Amino acid sequence: MAKQISQEGDNVSGNHEERFLKAFDDYADALFRHASIRISDHERAIELVHDTFTKVWGYVRAGNSIDAYRPFLYKVLGNLIIDEYRRRRTESLDAILEDEGMDTGRFDELQEGSLQETLNMLDGKRMVEAIQILPPLYQEILTLRFVDGLGPKEIAELIEETENVVSVRINRGVKLLRDAVINGT
Amino acid sequence: MNTFEKKIKDASGKIRMRASERALLREQIVSFMEYHPHLSATVSKKKKTSILVPYTEKFSYIQFTPWRIRGAVASCALLVAVVTPLLAEQTVPGDVLYPMKVRINEEVLSQLSFSSYEKVAWETRRVERRIAEARLLAKEGKLTDEAEAQITETVKEHTASAQKELAVLRESDVDQAAVAQVVLESAFDVQSAVLDTDQQLSSTTESDTQIRALATVVRDAKAALVPNTADIATLSSYERFVASVEESTTRAHELLVSIEESISTEERSDIQRRFEDINRRIDETTKMYDTQETSTSVEGLKSALSDTQKLISFMTDIDVRTGVPLDTLVPKQLTKEERYAYLSESRKHMNENVARVHARRTAIVDATLGEKITVGLEQAQSLLARVDADIALEGSLEDAEVAEKEASVLVQDLLLMTDSLDTPTNVLAGSDAQGTSTDTTTASTTTATETATSTAE
Chain A
138 MAKQISQEGD NVSGNHEERF LKAFDDYADA LFRHASIRIS DHERAIELVH
188 DTFTKVWGYV RAGNSIDAYR PFLYKVLGNL IIDEYRRRRT ESLDAILEDE
238 GMDTGRFDEL QEGSLQETLN MLDGKRMVEA IQILPPLYQE ILTLRFVDGL
288 GPKEIAELIE ETENVVSVRI NRGVKLLRDA VINGT
Chain B
342 MNTFEKKIKD ASGKIRMRAS ERALLREQIV SFMEYHPHLS ATVSKKKKTS
392 ILVPYTEKFS YIQFTPWRIR GAVASCALLV AVVTPLLAEQ TVPGDVLYPM
442 KVRINEEVLS QLSFSSYEKV AWETRRVERR IAEARLLAKE GKLTDEAEAQ
492 ITETVKEHTA SAQKELAVLR ESDVDQAAVA QVVLESAFDV QSAVLDTDQQ
542 LSSTTESDTQ IRALATVVRD AKAALVPNTA DIATLSSYER FVASVEESTT
592 RAHELLVSIE ESISTEERSD IQRRFEDINR RIDETTKMYD TQETSTSVEG
642 LKSALSDTQK LISFMTDIDV RTGVPLDTLV PKQLTKEERY AYLSESRKHM
692 NENVARVHAR RTAIVDATLG EKITVGLEQA QSLLARVDAD IALEGSLEDA
742 EVAEKEASVL VQDLLLMTDS LDTPTNVLAG SDAQGTSTDT TTASTTTATE
792 TATSTAE
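Top to bottom, those sequences are chains A and B.
In case it helps, our numbering puts the first sequence at residues 138 to 322.
In case it helps, our numbering puts the second sequence at residues 342 to 798.
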């Protein structure tokens, strides 16, 4: 994920800046989406993405190099989200959903498609909402898998588990999600 | 991708930042990068890290690279090797670090003393340190029986070590051993004086007992030293003592210069006076040596060296300076002129007192008492005549002083015997004028009658 390489001169520095900004352009939206679903707070999700990129740049500017930005960024963001969970530990999940959760209005704002698309979205939207009320363990794995589109191998590296564990967890998470959507539980 | 996945993907795909939010975020990141530029020009070419992602609270920690570990170990070693011994130096018995002070610091310093002379000097210094600790504890009321026992034991140990080294030194260099012994005895004298003063000032019986016990240990330690007179009356001893005295007096003069600003004019004057006394004694010993009185001259040098050492202790040890009068440590030595002047002054006062006794004698009715007074007066006048003769003819000063002292005691006794007949308002005792025998008056009160009687018989 992170790899140390030799650093020489301004051209290297410039190269790092370019690569970093390209990573921002490529992954900022995906990171925001991931954070937004997991913490259900639009503004806070932006702040976490901001913190993710500043921390990663701090790592890069100190002379370290990153081969693959995507998993690295997800890892940093994941840790920040865990910290966020810890800060919210005393608050109930219901309170989070009620007070800070993603509301329907926001989805309406984000919708840019036709009526048919909106109807098709309904189930998808309910599933996204259902992900948010799953236990954090499954919330993370399903978000990584279905929202961010990472494969089991990448997820395994990110959460530092084996691929088998990841697959089992995805399978259980999907069952929980289906139950939640169909039964409303 | 199945429908399930596709629906989630589609639904979540609608979750995104507004364009304005995204632009603002990018601007903030770029600004952050400008304020925190890449450090490639200043950082090391290669950095190793033992972690994957150190940039969140969850994973942030110090990287224990080998050089950092070495640095930490070196820092700890420095702390243990330098700071702890320094802290230990401030301790007293009962403190946690005290054993380190005595068993490590001082033993290391002891090992750094290569010659036997240096070892004796160091053991002497250790005795002084132990007594200073005991005094500090006693002053604070913390001198427990255990601490006192510990200090007493260590004083004995240091004294034994000093004696052992002195014995070794005598085998190889008897002259230097003699000098070392004078220094050691001087240190004991100073510490005895300090403890005696403390004892007089002690407010509690308990601390008085403890200080007395320590003083006894010091006195015993001095008494246990082998007499330092047998082998030193030689030519080489004289020269060695001259060198030692010269060295000590030079050091003492330098010390006086260094403390001049911190002492009063009176103290400075007192110290200067002792220097003059010491120099005079050295001159006298030189004259004696010229007349082949080697043994006596060496004794004089020993005395000069001892006084110089005490003077050095007085100037270097603030406890000694504040606790013990200089006159106790190094009594003032009168010059020949001062001794003659004193005798003349004393003689004058005694004439007045003799006249007073004569006047009272006429009023005495008791024949026996009258006879005693008469005999006493005759004796006193005889002694005073001897004093007058010595002064007038510049005879033996020592004889004159002895006669003056005897006459002084006798006249005092006569005054006391006739005290009931007339209360003197200005009775002067010759010795009191010198200020060295004030106790004589009181002590002689009870023996006045006996003295006069025995004289009459």
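These aren't lab readings, by the way, just hints derived from the structure by calculation.
One or more of the hints may lead you astray.
With a Cα cut of at most 27 Å, we get these calculated DSS-like pairs of lysine-lysine [to be verified]: (1) A:290 / A:312; (2) B:563 / B:628; (3) B:673 / B:746; (4) B:442 / B:497; (5) B:505 / B:442; (6) B:628 / A:290; (7) B:347 / A:312; (8) B:746 / B:677; (9) B:350 / A:312; (10) B:677 / A:159; (11) B:689 / B:628; (12) A:290 / A:159; (13) B:689 / B:746; (14) B:677 / B:689; (15) B:347 / A:290.
Just the calculated beta-carbon pair ranges, DEER-fashion [claimed, not checked]: (16) B:359 / A:319: 52 to 58 Å; (17) B:437 / A:297: 17 to 23 Å; (18) B:426 / A:158: 38 to 44 Å; (19) A:305 / B:419: 18 to 24 Å; (20) B:424 / A:305: 55 to 61 Å; (21) A:288 / B:419: 35 to 41 Å; (22) A:158 / B:431: 45 to 51 Å; (23) B:409 / A:304: 39 to 45 Å; (24) A:195 / B:359: 38 to 44 Å; (25) A:299 / B:424: 48 to 54 Å; (26) A:205 / B:378: 38 to 44 Å; (27) B:409 / A:305: 36 to 42 Å.
All values derive from a computational prediction rather than experimental measurement.
Just so it is clear, CB atoms sit at the ideal spot from N, CA and C, and this is done for glycine as well.
Those earlier numbered hints the structure runs against, lowest number first | 2, 6, 10, 11, 16, 17, 18, 19, 21, 22, 24 and 26
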